[in-house]
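Q: Chain by chain, the residues run as shown.
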Amino acid sequence: MLALTPPWTKRRVLLAVTGACLAVATAASWRDLGMVPTSLLAGVSDVRNLMERMLPPRLIDGGRVLELALETFLMAFVGTALAAAVSIPLGGLAARNISPNRWTAGAARGFISACRAIPDLVFAAIFVRVLGIGVLPGVIAIALHSIGMIGKLIADAIENIDEGPRHATEAVGANRLQAFTAGVWPQILPSFVGICLYRLDINLRTSVVLGFVGAGGIGFALRDAFGGLLYPQALGIVIVIVIMIGLFELVSGRIRRALLGDAAVVLPSHGWMGLGSRRPRRKALGQGPQPTPAKGRPASGSLRPPWTRERLTAAAYLAMFLGLIVYAFGELQLSPLEVLWALPDLGRVAAKVIPSQIDAALAGQIFSAMVETIAIGFVATIIGAALSIPIALMAARNVAPAKWVYAAARYGLVVWRGIPELILAVIFVAAIGLGPMAGAFALSIYSVGFLAKLVSDSLEEVRPGPREAVMATGATRPQEMITSLLPQALPAVAGHVLYVLDINIRTSTILGLVGGGGIGFLLFNSLRVLRWEVTGAILMLIFVSVYSIERLSGWLRTQLR
Amino acid sequence: MSVAHAVRVQGLTKHFGDHAALQDFSLEVPVGQLVALVGESGSGKSTLLRHLNGLHRPTAGAVEVLGTDVGSAKGAALRSLRRRIGFVFQQFHLVGRSTCLENVLSGSLGRLKGPRPGVIGYPIAERRDALAQLERVGLADRAFQRADTLSGGQQQRVAIARALMQRPNLMLADEPVASLDPETSKQVMDVLLRCCLELNLTVLCSLHQVEMALGWCQRVVGLRDGRLVLDAAASDLRESDLRDFYSDTETRKRKADPTRTPVPAAAITAR
Chain A
1 MLALTPPWTK RRVLLAVTGA CLAVATAASW RDLGMVPTSL LAGVSDVRNL
51 MERMLPPRLI DGGRVLELAL ETFLMAFVGT ALAAAVSIPL GGLAARNISP
101 NRWTAGAARG FISACRAIPD LVFAAIFVRV LGIGVLPGVI AIALHSIGMI
151 GKLIADAIEN IDEGPRHATE AVGANRLQAF TAGVWPQILP SFVGICLYRL
201 DINLRTSVVL GFVGAGGIGF ALRDAFGGLL YPQALGIVIV IVIMIGLFEL
251 VSGRIRRALL GDAAVVLPSH GWMGLGSRRP RRKALGQGPQ PTPAKGRPAS
301 GSLRPPWTRE RLTAAAYLAM FLGLIVYAFG ELQLSPLEVL WALPDLGRVA
351 AKVIPSQIDA ALAGQIFSAM VETIAIGFVA TIIGAALSIP IALMAARNVA
401 PAKWVYAAAR YGLVVWRGIP ELILAVIFVA AIGLGPMAGA FALSIYSVGF
451 LAKLVSDSLE EVRPGPREAV MATGATRPQE MITSLLPQAL PAVAGHVLYV
501 LDINIRTSTI LGLVGGGGIG FLLFNSLRVL RWEVTGAILM LIFVSVYSIE
551 RLSGWLRTQL R
Chain B
562 MSVAHAVRVQ GLTKHFGDHA ALQDFSLEVP VGQLVALVGE SGSGKSTLLR
612 HLNGLHRPTA GAVEVLGTDV GSAKGAALRS LRRRIGFVFQ QFHLVGRSTC
662 LENVLSGSLG RLKGPRPGVI GYPIAERRDA LAQLERVGLA DRAFQRADTL
712 SGGQQQRVAI ARALMQRPNL MLADEPVASL DPETSKQVMD VLLRCCLELN
762 LTVLCSLHQV EMALGWCQRV VGLRDGRLVL DAAASDLRES DLRDFYSDTE
812 TRKRKADPTR TPVPAAAITA R
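Residue numbers (our numbering), protein chains in the order written: chain A, 1 to 561; chain B, 562 to 832.
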C-alpha cells in the first residue's frame with residue numbers, strides 16, 4: 001500500500017523548520033512590542049482622529065514648498081548619478097569573473113554591503129554633523145547608500161554576462177580595461193540603465209525625508225509643519241510629495257520604455273525585478289566606447305554609425321541627462337569640487353566612529369534596542385503580508401473580479417506607495433503616541449502598498465493554462481486559487497515577503513528618529529551629543545544584523561524555487 | 562430532449578472580433594461514441610471543444626451537453642456540468658510545483674466543498690481514489706514527485722488521471738499528443754482511449770493525424786475554417802477520402818483563398 005500523505009523529504013523538513021522558526025520569531029516580536037491583535041484596530045481609529053484634524057489640507061507659502069520639492073528631486077537625481085558613476089568601477093572590482101583577484105572582489109563586495117546596510121538617513125545625519133546643514137550631506141548620503149544597491153546589481157549583472165565577447169577581446173590582445181569597455185559594458189548597459197532609473201525612483205522617496213535631519217529638501221518644511229502642529233499644512237505638503245512621486249513614477253516608466261523597449265527590465269538578484277536582458281538590447285544610452293578598429297574597412301562607405309531613430313532617442317536622453325546634471329549642480333549651488341573636498345572630512349569621521357570602550361549598561365541598551373528593531377521589522381512584515389494579499393488579488397489583471405476594480409486598485413497602490421514610510425511613522429506617532437507600536441504600524445501600512453504591488457505583478461505572471469484546467473474540472477474560483485494560482489505564485493510571493501522583511505528591518509533602524517521605536521533613537525541621539533564611538537558601535541551592530549538577515553532571506557529565496 | 566445524445570450542437574457560430582472561428586456548425590454525438598476531430602490548426606477544433614465545457618460562449622447557436630444547455634449555464638449549474646466532463650489539454654496544464662497526486666486530486670474539487678490546500682487538505686477516500694487513478698495510468702510510483710520533474714508523456718498521463726478523477730461521463734481531449742514524440746504519442750493515446758473504453762465514456766478527441774485514432778475511434782469528423790467538411794464512420798473511411806481531405810486543405814492553404822469554403826464532395830459527407 002502506498003502512502004497517502006506526502007513523505008518527509010529533507011527539503012520539506014528544512015522548509016517546515018524554517019517556517020516554524022519564522023513563525024516563532026514573529027510571535028515573539030509581537031509580544032516584545034506589547035501588541036495585541038486589537039491594537040491595530042485601536043490604532044486605526046486614532047489615525048482617523050488625527051486625519052480629521054488634518055482636514056482640509058492647506059499649503060501656506062506654496063512657492064517655497066514647490067521650490068523645496070524641486071530641490072528634493074535634484075538631490076535624488078545628483079545622488080543617484082554620483083552613485084552610478086562610482087558603482088561602475090566598483091561593481092567591476094566586485095564581480096568575481098573580472099575582478100583582479102579574490103581579495104579585491106571580497107573587499108569591494110564588503111564595502112558595497114556596508115553602504116547598503118546603513119540607511120541613507122543615517123548617513124545624512126552623520127554628514128550633517130560633519131559638513132553642516134544643507135543639501136551637500138543629503139546628496140552624499142543618497143549617493144553612498146545607493147552604491148550599496150547599484151554596485152551590487154552591476155556586479156551581479158557582470159557575473160551573469162556571456163563570457164565569449166570578453167574572452168574574444170582579450171584574445172586580440174586587449175588589456176583589462178579595453179576588455180571591459182568592449183566585451184562587458186555593452187552587455188550590461190541595458191540593465192545598468194534599468195537599475196539606475198529604478199534606484200532614482202527609490203531615492204526620490206527617501207530624499208523627501210532627509211530634511212528631517214537637516215540634509216535639505218522638502219523634509220525641512222514637513223518637519224516644521226509637524227513640529228509646529230500645523231497639521232493641515234503637513235497634509236498639504238504630504239499631498240505635494242505624493243503627487244511628485246506619482247508623477248515621477250509615470251515619467252520613469254516612459255523613459256524606461258523609450259530606452260529599453262517594452263520588455264520589462266528585470267534585475268538579477270531580486271526575483272521581483274529579475275533580469276530578462278540576457279539577449280543584448282542595444283538600443284539603450286550611448287552604447288559606451290566602441291572598440292574602434294582604426295583601419296576598419298568602410299562597409300557601406302561611411303565610417304560613422306547612421307543616425308537611426310533609436311540612436312537619436314538615446315542621444316536625446318543622454319543630452320537631457322547631462323543638461324539636468326549641470327542644471328542641478330547650479331540650482332543646488334554645489335560644485336563638483338565641493339563634493340571632492342568633503343571626502344577628507346568624511347575620512348576623519350570614519351576614523352572617529354571606530355567603537356572603543358562602551359560601558360556594559362549602554363551596550364545592553366543598544367542590544368535590546370536592536371532586538372526591538374528586528375521585532376518591528378517582523379511584525380510589520382507579517383501584517384503587511386496578511387493585508388496585501390487581498391489587495392494584490394484585486395490589483396492583478398488576471399484575478400481581479402472586474403476591470404474597474406483592477407484599475408482602482410492599481411492607481412490606489414501608486415498613491416499608497418507614494419507616501420514614504422517615515423512620514424507614515426510621523427503620522428502614527430502623532431496619532432497613537434511615541435513608541436515601537438507606532439513605528440510597527442507605520443511600517444506595516446507601508447509594506448502593504450509595497451508588497452501588494454510586487455505580489456500582484458507576480459500573480460499576473462502565473463500561467464493561465466493550469467488555472468483553466470482546474471476550472472474545467474468544475475472547481476469554484478476559491479478552490480482554483482488555492483489549488484492552482486497560489487502554488488504557482490508561491491515562490492515569487494514568498495520571495496517578495498522575505499525581501500520586504502529585509503527592507504523593513506533596515507527601515508526600522510531609523511524609525512527612532514521620529515519616535516517610532518527601535519535602535520534609531522539611540523543612534524540619532526549619539527549623533528546629537530557627538531558620541532562617535534557609540535554611533536560606530538550601533539552602526540556595526542546594524543550592519544551585522546541586517547547583513548545576516550539579508551543572507552538568510554537570500555538563502556531561503558533560493559530554496560523556495 | 563433525447564438523453565441518448567451526449568453532445569448536441571446546432572448552428573454554432575463563434576466570432577473572435579472579426580474572425581469567425583466556427584460557422585453554423587452542427588454535430589450530434591450519441592452516448593458512448595468515440596469521435597476523432599481532425600483538421601488543420603485554426604480549423605475550429607479547439608474552439609468547438611471549449612464550447613462543450615463552457616470555456617467559450619457561443620456567438621449564436623445552441624450547445625447541449627449531457628442534457629444541459631451549456632450556452633446559458635453559469636455558476637453552480639455550469640460547475641456541476643464541468644464536473645461530468647473531463648478535459649485533456651495539449652500543454653497538459655499541470656501545476657508544475659505541486660505533486661502529481663495533488664494535481665490528480667484537483668480533479669475531485671468539483672464534488673468537494675471549499676478550497677483544499679495541499680494533499681492533506683483532501684479526504685483520505687479521495688486520496689485513495691487519486692492514487693488508484695495514477696495507478697491506472699501507470700504512474701502510482703510518482704505520486705509525491707513534483708509534476709514538473711516528469712517527462713511530457715508522463716505529465717499528460719497525470720493530466721488524464723486528473724480528468725478521470727472527476728468520474729466524468731464525457732471526455733474531451735484537445736490535441737492531447739501534439740506536443741509529444743510519435744512513440745510517446747501512441748502510448749498516451751492508448752492510455753487515454755483504453756481508460757475511456759473501460760469506463761464507457763463518450764469521447765471527443767481532436768488530432769492532427771487521423772491515423773492515430775482510426776484504430777480506436779468509431780467516427781471521424783473533419784473541420785475546415787470552422788465548418789464541418791467530413792463526417793464518416795471510421796470503418797467506412799477510405800484512405801482516399803482522407804487523402805482528399807488533406808490535399809484539399811493543402812491546396813486551399815497554398816492558394817490562401819480568403820473567399821468562402823467550396824463545399825467538398827458530397828460523398829465524403831455521407832455517413
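Read the hints as simulated data drawn from the structure, not as lab findings.
Some hints could be false.
What the hints assert, rightly or not - Label pairs and their calculated CB-CB ranges: (1) B:Asp742 <-> A:Ala316: 33 to 41 Å; (2) A:Ala16 <-> B:Asp585: 53 to 61 Å; (3) B:Arg689 <-> A:Pro390: 44 to 52 Å; (4) B:Asp742 <-> A:Pro390: 26 to 34 Å; (5) A:Met320 <-> B:Asp585: 30 to 38 Å; (6) B:Asp585 <-> A:Trp8: 34 to 42 Å; (7) A:Ile255 <-> B:Lys747: 49 to 57 Å; (8) A:Ala316 <-> B:Lys747: 57 to 65 Å.
Yeah, the Cβ is synthetic: ideal placement off N, Cα and C, and Gly gets one too.
Q: Hints first: check each against the structure and report whether it holds.
A: Here is what the structure says about each hint:
1. B:Asp742 <-> A:Ala316: 33 to 41 Å: For Ala316 of chain A against Asp742 of chain B, whose Cβ atoms are near 52 Å apart, the range 33 to 41 Å is violated.
2. A:Ala16 <-> B:Asp585: 53 to 61 Å: 58 Å, holds
3. B:Arg689 <-> A:Pro390: 44 to 52 Å: This hint is violated: roughly 35 Å between Cβ atoms.
4. B:Asp742 <-> A:Pro390: 26 to 34 Å: 45 Å, violated
5. A:Met320 <-> B:Asp585: 30 to 38 Å: 59 Å, violated
6. B:Asp585 <-> A:Trp8: 34 to 42 Å: 58 Å, violated
7. A:Ile255 <-> B:Lys747: 49 to 57 Å: 55 Å, holds
8. A:Ala316 <-> B:Lys747: 57 to 65 Å: 60 Å, holds
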